[in-house]
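The residues making up each chain are set out below.
Protein chains: 2
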Amino acid sequence: MKSPEIVLGHGSGGKLTKDLVDQVFLDSFANPFLSTLTDSALLDFDDQRIALTTDSYVVRPIFFNGGDLGKLAVCGTVNDLSVMGAKPLFITCGFIIEEGYEIESLKRIVKSMKNAAEEAGVAIVAGDTKVVEKGSGDGVFLNTSGVGVVSSGVDLRRERVRPGDSILINGTVGDHGMAVLMSRERFGFEAPIDSDCASLNTLISGILSSGADIKFMRDATRGGVATILNELVSGMEFGVLVDEEKVPVMEEVRALCEILGMDPLYVANEGKVVVVCRSADKENVLKAMKEHPLGRRAEVVGEIVKEPASLVTARTRIGSRRILDLLADDQLPRIC
Amino acid sequence: MKSPEIVLGHGSGGKLTKDLVDQVFLDSFANPFLSTLTDSALLDFDDQRIALTTDSYVVRPIFFNGGDLGKLAVCGTVNDLSVMGAKPLFITCGFIIEEGYEIESLKRIVKSMKNAAEEAGVAIVAGDTKVVEKGSGDGVFLNTSGVGVVSSGVDLRRERVRPGDSILINGTVGDHGMAVLMSRERFGFEAPIDSDCASLNTLISGILSSGADIKFMRDATRGGVATILNELVSGMEFGVLVDEEKVPVMEEVRALCEILGMDPLYVANEGKVVVVCRSADKENVLKAMKEHPLGRRAEVVGEIVKEPASLVTARTRIGSRRILDLLADDQLPRIC
Numbered sequence: 122m123k124s125p126e127i128v129l130g131h132g133s134g135g136k137l138t139k140d141l142v143d144q145v146f147l148d149s150f151a152n153p154f155l156s157t158l159t160d161s162a163l164l165d166f167d168d169q170r171i172a173l174t175t176d177s178y179v180v181r182p183i184f185f186n187g188g189d190l191g192k193l194a195v196c197g198t199v200n201d202l203s204v205m206g207a208k209p210l211f212i213t214c215g216f217i218i219e220e221g222y223e224i225e226s227l228k229r230i231v232k233s234m235k236n237a238a239e240e241a242g243v244a245i246v247a248g249d250t251k252v253v254e255k256g257s258g259d260g261v262f263l264n265t266s267g268v269g270v271v272s273s274g275v276d277l278r279r280e281r282v283r284p285g286d287s288i289l290i291n292g293t294v295g296d297h298g299m300a301v302l303m304s305r306e307r308f309g310f311e312a313p314i315d316s317d318c319a320s321l322n323t324l325i326s327g328i329l330s331s332g333a334d335i336k337f338m339r340d341a342t343r344g345g346v347a348t349i350l351n352e353l354v355s356g357m358e359f360g361v362l363v364d365e366e367k368v369p370v371m372e373e374v375r376a377l378c379e380i381l382g383m384d385p386l387y388v389a390n391e392g393k394v395v396v397v398c399r400s401a402d403k404e405n406v407l408k409a410m411k412e413h414p415l416g417r418r419a420e421v422v423g424e425i426v427k428e429p430a431s432l433v434t435a436r437t438r439i440g441s442r443r444i445l446d447l448l449a450d451d452q453l454p455r456i457c
Numbered sequence: 122m123k124s125p126e127i128v129l130g131h132g133s134g135g136k137l138t139k140d141l142v143d144q145v146f147l148d149s150f151a152n153p154f155l156s157t158l159t160d161s162a163l164l165d166f167d168d169q170r171i172a173l174t175t176d177s178y179v180v181r182p183i184f185f186n187g188g189d190l191g192k193l194a195v196c197g198t199v200n201d202l203s204v205m206g207a208k209p210l211f212i213t214c215g216f217i218i219e220e221g222y223e224i225e226s227l228k229r230i231v232k233s234m235k236n237a238a239e240e241a242g243v244a245i246v247a248g249d250t251k252v253v254e255k256g257s258g259d260g261v262f263l264n265t266s267g268v269g270v271v272s273s274g275v276d277l278r279r280e281r282v283r284p285g286d287s288i289l290i291n292g293t294v295g296d297h298g299m300a301v302l303m304s305r306e307r308f309g310f311e312a313p314i315d316s317d318c319a320s321l322n323t324l325i326s327g328i329l330s331s332g333a334d335i336k337f338m339r340d341a342t343r344g345g346v347a348t349i350l351n352e353l354v355s356g357m358e359f360g361v362l363v364d365e366e367k368v369p370v371m372e373e374v375r376a377l378c379e380i381l382g383m384d385p386l387y388v389a390n391e392g393k394v395v396v397v398c399r400s401a402d403k404e405n406v407l408k409a410m411k412e413h414p415l416g417r418r419a420e421v422v423g424e425i426v427k428e429p430a431s432l433v434t435a436r437t438r439i440g441s442r443r444i445l446d447l448l449a450d451d452q453l454p455r456i457c
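Chains A and B supply the protein sequences, listed in that same order. Counting in our numbering, the first sequence runs without a single skipped number right up to 457 at its last residue. Counting in our numbering, the second sequence runs without a single skipped number right up to 457 at its last residue.
To be clear, the hints were calculated from the coordinates, so they are not data collected in a lab. One thing to keep in mind: the hints can contain errors.
Note that the list lumps identical chains together, so a pair holds whenever it fits in one copy or between two copies.
[Unchecked claim] List of simulated lysine-lysine pairs, DSS-like, C-alpha gap at most 27 Å:
(1) 367 to 235
(2) 208 to 427
(3) 408 to 139
(4) 255 to 232
(5) 136 to 235
(6) 136 to 255
(7) 136 to 411
Sequences and hints are given; from them, build the entire structure.
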């Protein structure tokens, strides 16, 4: 596991990424704001609590079904802020462009960013452009960092999660990963699968203002829902039981996953949020989700359990149990 | 000039970069915070004015005389915040790593970031790691974004600059560019030139608290002092007259520039700030600079003039005048 060189799996968001963070970053960057090298931090400025987040995007192809690098980079950062309970306000962008890249394509990416930013109500306030020689990059890499303000009264921490709490998701899982994969190869499918790439800030503000006691939220990107849930339970005195039958999956996504031997619970999403709330509030949260266009297919998909602690377990369709472990590697590199 | 493809010069910080920004980014990203796609923005949160900045770093080689990618990425972002009159507080980092990169080298980069952050008194609070296939990147690319708080009473705007104002710099120019170049090839030189890569926040806070009326500051990175001064005068009703004899240049840098036919005024720095202040305050600023280890060789290097407006002119050693225009291209790609 302790490879002396970087491998693709180090970027998977799974076990190898965790190893790399533990091994390389944590020692050096240990500070009160950063216990794991997460992509988001909460910072106090006088009376204001501000959320700060960063993400680089290397998705390939740059234009895929249902989105592109530019849209992804804005929505992804808007979502990272939103799941911290912050209202996203400002975004910066850093472009690393390979010599020879067509300026028309760059314009398309920028146009997508503009549209996504307008839709989410955020302003792109600063940027930077670097160019590398042909062969030293891959079209365009894009970093977005974001700043938002956390509403008072919001207290999202996994330490508040208790056995019995409910787990919800706002719709079908695996759409983004399979859409990107289908943009690489068609696999003989007639209709393309569209990425779910979308900004979740208005959906999430609806959830937060529903009156429900929301304890934890995370957007299920790299590594999918299973990876997020593993991060939730890691080192905690509770586990997660997912009711697999309840997890919404598009027919085409399920079919393609079956062909490829993949599990939709591990496939990346870019418009899905996992919410943990008090059980008594679950109908409330479900209602708030379903009232939003991005939550029509929302479901209660599981619950927090006392045993087995620190583990994510699924109740399968045939009634058996299986463990959803943190994957070492990723079958889908460069998904975001 | 309107190339349909990206060329290296688009990343130079000079004329081609300006064209790209005008052509691709400005239309889409126009908003009150962003008139040109600068790498910094000032944002108001209630009573607090916050500075936000982003920069990507693609310097090659990753380890050069006097610094490395990690140190550069922290110092560069600390400096971008500092020249806006902000106290740098928080930094995020986004790594894009090429498959096959040695983890030991990654650790060295991270260690440098840690040291630079400690020295500057900033916390690295969030991060992200992506991996791309071998051949799709070039070792490590690093984005840092930064947040700082602007002290009340600081009003840095080129609109406040007037003819007669003085221009100062805190030391020798061109060190970084020549150091990186010498790390690529030795050119038969005995002693290496060290990059000036350093965090300027304490130097700058000393200048700001000197009581002088500081009107404009900018760190002279890509494109060097001449490019910064061109940005200062662009579209304004004043010009800049640089007294070339006063500009400090290290002997080795001058010699190497002469061999290569380059002008030290256009060569990148990573620890140099250009300051414009009221003429009556220039001795005050010079004193504040010289009291700091990074300002020992500070000089008053020129003044703001009424004519020729919007131009940067230099009084040469032999007493003639020459125009320091914005360069179209850059002789030194991937300098930062």
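Tested hints:
In the homo-oligomer, the alpha carbons of residue 367 and residue 235 never lie at most 27 Å apart, since the shortest distance is 36 Å inside one protomer and 45 Å across protomers. When the C-alpha separation of residue 208 and residue 427 is checked against a cutoff of 27 Å, the pair qualifies neither within a copy, at 33 Å, nor between copies, at 46 Å. Proximity of residue 408 and residue 139 under a CA criterion of 27 Å is satisfied in neither setting, with 35 Å inside one chain copy and 49 Å between copies. When the C-alpha separation of residue 255 and residue 232 is checked against a cutoff of 27 Å, the pair qualifies only within one copy, where the shortest distance is 24 Å, while the shortest distance between copies is 30 Å.
Within a single copy, residue 136 and residue 235 get their C-alpha atoms only as close as 35 Å, which misses the 27 Å cut-off; across copies the closest is 24 Å, which meets it. In this assembly of identical chains, residue 136 and residue 255 lie within 27 Å of each other by CA distance solely across copies; the values are 21 Å between and 33 Å within a copy. For the homomeric pair residue 136 and residue 411, neither the shortest alpha-carbon distance inside one copy (33 Å) nor that between copies (51 Å) is at most 27 Å.
The structure fails to meet hints 1, 2, 3 and 7 from the earlier list, while all remaining hints are met.
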